[in-house]
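> As they're listed, the protein sequences go chains A and B.
In terms of the working numbering, the first sequence opens at residue 632 and continues consecutively.
In terms of the working numbering, the second sequence opens at residue 632 and continues consecutively.
In case anyone wonders, no lab produced these hints; they're calculated from the structure.
Keep in mind the model is a prediction, meaning the values are calculated, not measured.
Idealized CB from N, CA, C, for every residue including glycine.
Worth double-checking, as some hints may not be accurate.
Claimed, not checked - In silico contact screen, one side only, chain A against chain B (beta carbon under 10 Å); selected entries:
#, residue
1, 766
2, 791
3, 940
4, 1239
Stated by the list, open to error - Derived DSSO-like pairs: lysine-lysine, alpha-carbon spacing no greater than 27 Å straight-line:
#, chain 1, residue 1, chain 2, residue 2
5, B, 817, A, 817
6, A, 817, B, 753
7, A, 753, B, 817
8, A, 1144, A, 1187
Unchecked claim - Only part of the chain A face toward chain B is listed, based on derived beta-carbon distances under 10 Å:
#, residue
9, 762
10, 768
11, 794
12, 799
13, 930
2 protein chains.
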Amino acid sequence: MASEIMIIFQPSGRRGPARAGQTVLEAARNLGVEIESACGGKGSCGKCRVRIESDGDSVSDPGELEVRALGREEVTAGTRLACQTRIIRDVRVFVPEESRRVAQVVRKEAGTGTVAIDPAVKLHRVKLTPPTLAEATADAERLLRALEREHGLRGLELDLQLVQRLPGLARAAGWELGVCIWRDRKIIDVRPVSEPRPLLGLALDVGTTTLAAYLTDLETGEVLVTESAMNPQVAFGDDVIARLHHVAHDPGGLAELQKTVISEVNNLGARAAERAGVRTTDILDVVMAGNTAMHHLFLGLDTRNLGIAPFAPAVHRALDVRASDLGLNFHPGCRLFALPIEAGFVGADNVAVIIAEEPYRQDEIQLIIDIGTNGELVLGNRQRMLSTSCATGPAFEGISPSHIEFGMRAATGAIERVRMDPETLEVRFKVIGADKWSIDRPPADIGARGICGSGIIEAAAEMLKAGIILPTGNMNPEMQHERVVLENGKPRKFVIAWPEETALNRSITVSLKDIRALQLAKAALRAGAEILLRAYGVEKPDRVILAGAFGTYIDKHAALAIGMLPDTDPERVESVGNAAGDGARFALLNLEKRREASWVADTVEYVELATDPDFQREYVEAMYFAPVQLG
Amino acid sequence: MASEIMIIFQPSGRRGPARAGQTVLEAARNLGVEIESACGGKGSCGKCRVRIESDGDSVSDPGELEVRALGREEVTAGTRLACQTRIIRDVRVFVPEESRRVAQVVRKEAGTGTVAIDPAVKLHRVKLTPPTLAEATADAERLLRALEREHGLRGLELDLQLVQRLPGLARAAGWELGVCIWRDRKIIDVRPVSEPRPLLGLALDVGTTTLAAYLTDLETGEVLVTESAMNPQVAFGDDVIARLHHVAHDPGGLAELQKTVISEVNNLGARAAERAGVRTTDILDVVMAGNTAMHHLFLGLDTRNLGIAPFAPAVHRALDVRASDLGLNFHPGCRLFALPIEAGFVGADNVAVIIAEEPYRQDEIQLIIDIGTNGELVLGNRQRMLSTSCATGPAFEGISPSHIEFGMRAATGAIERVRMDPETLEVRFKVIGADKWSIDRPPADIGARGICGSGIIEAAAEMLKAGIILPTGNMNPEMQHERVVLENGKPRKFVIAWPEETALNRSITVSLKDIRALQLAKAALRAGAEILLRAYGVEKPDRVILAGAFGTYIDKHAALAIGMLPDTDPERVESVGNAAGDGARFALLNLEKRREASWVADTVEYVELATDPDFQREYVEAMYFAPVQLG
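Same shape as in the complex, but just chain A:
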């Protein structure tokens, strides 16, 4: 048996037992100490650096990976990667500011779109005659006959838990009952007419980074409360690939990842119910949207084949299950509808976006871009719809410091807006959590911690406009300025925030390497869009719709400036917010929308970029920053 060891994390002072051989990151997870771990513990992102404050022999010796990631000097001084450092005996660990995970600013409010109210779960009232010695039919049959007589409902199924509760309930209610029936097919709840309860549903958007839950009244369609939280699976890796890797290499990994997200959805539901002044047992129906990997992890489906060619998912079609089978703690009869997924990496989230935006009811050809951790594109109208998925990587969300040196999620302290004087190269920026531009605040108050996705795009667009970077993406070798940092005599970085403006006490810069990462990401998106346009046979879309939280906060002029979007009149580019959440909510409120979702999943033509002969050329071409066209 492994002996019990004590680990203490500073500056929080949180302490608890650890096992010998466990990594510092694992011990931190167990104790709820939040340490950044973008790569999921593979030692590649370098984000989980910590300082060992005890003697060196309390943990394993540094490996080659750590020396490479941190440098010999840092390692000698006691800095280590939490994911690589194994505990030997009692140890004290300091977690520096930059390695602490900060709660993301979640910006997924319910959209304003509406839909006809025709939910899966409906309430019917019945009045039963009590049994007598002469007519002692069973309670369940009594109920079924009344439902047929008064509402014409036949052939209904009974949930076991309903039959279990019916006798006590019917008598307590004096035989006047409100009956909740799912899809005119199954009785899932019975309640006294004298004690009415709201009929609620939860629309869930399970994003790689963010979970959003819309607590919705199934009778009025009103969204009572929107709750969101970080997807707690980020502890196992920021991106999909890291999580699939975890599942593939840890026998209990799938169960672990499923449990963690289900548990957080239970928290969201409980918080939403509390804020709305209702009970979690008022939730009778759930609709879930998510990309293919999040969908699989949520449902506990084997994801091992999602990460290897030919990338076949476990299932395409919509799944109808009991919410309790997944461990969701809502009404015992609560159902869960998982929206169907399309082909390849185009998941149920994209289906949700499509049924929210309904390009299939339009004449104009729409290009819908849903930028999450992956980029998903749909091009089409009532004639035809094409979709594809681009591995934009996490550059846009800025979450991977292995891609963007100062990249971070859209959390407090992230630089999200950047403006530059093209003549003087003076910079002003805004950080999340403050309204004012940096130049209007005392530097010590600013406390910038990094740059998020929209900040990177704006910085690039401004640097391009000012000539700091060239259309190739190289830095202009002629440019001399105190903000331009040279390496070996060549410009390599540009300072966005000075040390005194940050919480890190060093400059926050955009490097040539960051620009390359951005070029790769935007080129993947742009090339995907061009391939779809060509496949459809048009030059450009009639409208560009930016979906997703990131799409809401991106500056469309900057996005056009760096050539991320196909050439389009800025007037015809619009942001629609969390369309995936809207789609989930519409499917929650309207059965026809669920049928539309299945039709969409079957109808949208998936274009596989990897096998498209033109993709490589388009991709290389799109790497260049397009001729500047600013609004």
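Please build the complex by placing chain B on the supplied structure of chain A, with the hints as guidance.
Structure of chain B alone, referenced to chain A:
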């Protein structure tokens, strides 16, 4: 908080903690010490007598109930009722031989009846083409398409657990799969063709006293193994009423009773699988029959209304649920079909008997008598079927010493056969567990412990034949014999076994009171049969069928002799064994039998004896022992 107290049971020496205020019976249950408790702890059966070996102040003072049941003298000597005695501090308790519960001899072998093989779960083989980059359809859709293409199966539902396991399984199996489909509707298992497993089902007869399980091959119909066990709910009362009382008065009682029977069925399944050399996960379907109370307690349905007028059950119709929802540990996709129940106290066990015996396919009018702890009667043929239920009480099964002084279940040591010389009044008997008659064995080897139901009936028939009891049921005052025990100068008891022939060291007798109890029970049965005959409009049945284990062991001549059965040619009385188990097995093997069961439950006309104007007269008349007609 209650302090922890130690209780020791002798002679077993079993010891463990108890709570202050707990009864000795509750503490015994917790420690697995088996003490008889026919009334379920209400203090009325007097069966749970124990001796307190510690000081008197280690337990509560004897109450009035105990003094009445045991007599002042016994109580003063330390004898107590375990169900009434509350623990105060550390205590040592002696459990005498007669209070120890002995495992019942279970005699429920599968019958020989056969049925066409058309089970709910069938196996289909398919060969899938593996996914490629060009055709990366999801695994589930790949499977569904193959099933439609190769077997014409459309619109199939998927179990969540199946979708979860499919990806790994399909690849491990090289895409050659055996697919188990329930009712041509739902895929519940997928297995590699290269590793075939048997397709098994379990037919369950959940009796008040006995559980019987038939592990059956769904492809051949063969019964691989029959396993049986006592229904562990007897710890909460021997009869239905005691258990309903427990549920009605203990908030956790229903869950407790359900858990205990489910857990024993899991044991039965595991034992059966082990004996057959298969796995419990080979069990894919279960059919359950039981009387209304056992059915409800098995499914966790509210039984509070079964015990009070108008006795409406929670549900009549057949229920189809996932076995795992009930806590059954078979295949994760295993289904459970609970046969439908009829009206009143005529339960799913009677439906099972009817579909096994099929009176509705006969011209001759059959009277089917299923004697368990209740008596259930069916009379009819293809024209019409009538049913009723008689509160025979537990006299026939002999299990209630509050009815029959030396009554006991059909367990080792029970007197089951009695013969008497009508001249000398010499008695010979057989006990369960021995082949020889008592007169052919050394008295010290016999070890009789009591009399079971068939023994009581034979004793009564023989005593009637010998003139010891008169047609009124009174004991013949003229009779003088060493076996005739007088009280106040009047004959009150007849000795069946002398002290040296018993394990109790006192005589086992049949008393006038016992004869009265038997009269009440047989009169209830007989009156019920007469009412049914009258309702049908015939004088007597063409055939009498005795179903149930008790029906198998009863001597039909003795039963006719005491007037328990309507006047019938003994040649036309037959025993069919556990017909309820047969019916469950037929429903397991044949879907049409399930439809027949629903039709039967709807079709059989229930005759309520309590409200029948003739019942009282018939009942009183049937109390008399009919003119002797011996075979």
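> Now tell me, hint by hint, if it's right for this structure.
Tested hints:
Here the hint on residue 766 of chain A is kept, as its CB sits about 8 Å from the closest CB of chain B, short of 10 Å. Because the closest C-beta pair between residue 791 of chain A and chain B is about 5 Å apart, less than 10 Å, the hint holds. Hint status for residue 940 of chain A relative to chain B: holds, with the closest Cβ pair at about 6 Å, below 10 Å. The criterion of a C-beta within 10 Å of any C-beta in chain B is met by residue 1239 of chain A, whose closest approach is roughly 7 Å, and the hint holds.
Pair hint residue 817 of chain B plus residue 817 of chain A holds up; C-alpha atoms about 17 Å apart against a cutoff of 27 Å. For the proposed pair residue 817 of chain A and residue 753 of chain B, the alpha carbon gap of about 26 Å is at most 27 Å, so the pair holds. Our distance criterion of 27 Å between C-alpha atoms is met by residue 753 of chain A and residue 817 of chain B, whose separation comes to about 26 Å. A hinted pair counts as satisfied when its Cα atoms are at most 27 Å apart, and residue 1144 of chain A with residue 1187 of chain A qualifies at roughly 23 Å.
With a cut of 10 Å, the hint placing residue 762 of chain A at the interface with chain B holds, because the nearest CB-to-CB distance is about 4 Å. Because the beta carbon of residue 768 of chain A sits about 7 Å from the nearest beta carbon in chain B, less than 10 Å, this interface hint is met. Checking residue 794 of chain A against chain B: minimum C-beta separation of about 5 Å stays under 10 Å; hint holds. A distance limit of 10 Å between C-beta atoms decides the matter here; for residue 799 of chain A the minimum to chain B is near 5 Å, and the interface restraint holds.
The restraint placing residue 930 of chain A at the interface with chain B holds, with a minimum CB-CB distance near 7 Å, inside the 10 Å limit.
Of the numbered hints listed earlier, not one is contradicted by the structure.
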